[in-house]
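Q: Each chain is listed here by its residues.
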Amino acid sequence: DGGITQSPKYLFRKEGQNVTLSCEQNLNHDAMYWYRQDPGQGLRLIYYSQIVNDFQKGDIAEGYSVSREKKESFPLTVTSAQKNPTAFYLCASRMGGGAWNEQFFGPGTRLTVL
Amino acid sequence: AQTVTQSQPEMSVQEAETVTLSCTYDTSENNYYLFWYKQPPSRQMILVIRQEAYKQQNATENRFSVNFQKAAKSFSLKISDSQLGDTAMYFCAFSTNSGYALNFGKGTSLLVTP
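Keeping their order, the protein sequence lines are chains A and B. The letter at position 54 of the first sequence is residue 47 when you use our numbering, and the numbering goes up by one with no holes. The letter at position 3 of the second sequence is residue 5 when you use our numbering, and the numbering goes up by one with no holes.
The following block holds chain A by itself, in its conformation from the complex (with noise of 0.2 Å):
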């Protein structure tokens, strides 16, 4: 099955720790994206690439860090620098081309810090 996998479900964090979100597509999309969602507030861009080896801020960048080595792989870092990451984090891919085509979602991650 095509699809974007998310992992994990739920994570825990102490205070001061770095922590590792993973986010895998098998749909030969070119980009990828990371966004927060917060209740209330919607879903706000992280960061997001569309190319390998390339990635660009999204509107809440601070705190947060990226990598793009594989096609299929975007794994997201919340550093001890994020001063409030408890939060539901989607990550989303979409195929090349322009704005018109879907973005497709993974399950999410909850992330809870201690």
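These are computed hints drawn from the structure, not numbers from a lab. Just so you know, not all the hints are guaranteed correct.
[Claimed, not checked] Some, not all, of what chain B presents toward chain A, calculated at C-beta under 8 Å: (1) TYR35; (2) GLN46; (3) MET47; (4) LEU49; (5) PHE93; (6) THR98; (7) ASN99; (8) TYR102; (9) LEU104; (10) PHE106; (11) GLY107; (12) LYS108; (13) GLY109.
Glycine included, each C-beta is placed from N, C-alpha and C at the ideal position.
Since the structure of chain A is provided, determine the placement of chain B on it from the hints.
A: For chain B alone, kept in the frame of chain A given last:
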């Protein structure tokens, strides 16, 4: 700034009735694309319908249709013959050919009651 406003945080409709969810947006771009995504309790984001800004004809997908008013920058979603499975959070979003990421509204929580 590019913004999306959904003025109805919560709505309720009875099964088989029709409901309209409102969305307004602001962008200086001339070429853009509009989307409605659905997020049921499973939290999986699903594309409901999309519209190209340069097309005047309103998009329709089965029971879902939009009313696109470009001059007013309005993009409402109409759900006909509402079903219990339509209960979800609905997000309005738009994308431009600058980066292709989605700009989301804060969402409308729709409850369909028997």
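Q: Each hint: holds or not?
A: Against the structure, the hints:
no. : hint   : in the structure
1   : TYR35  : holds (5 Å)
2   : GLN46  : holds (6 Å)
3   : MET47  : holds (4 Å)
4   : LEU49  : holds (5 Å)
5   : PHE93  : holds (6 Å)
6   : THR98  : holds (6 Å)
7   : ASN99  : holds (5 Å)
8   : TYR102 : holds (5 Å)
9   : LEU104 : holds (6 Å)
10  : PHE106 : holds (4 Å)
11  : GLY107 : holds (6 Å)
12  : LYS108 : holds (4 Å)
13  : GLY109 : holds (5 Å)
Against the hints set out earlier in the document, no violation occurs for any number.
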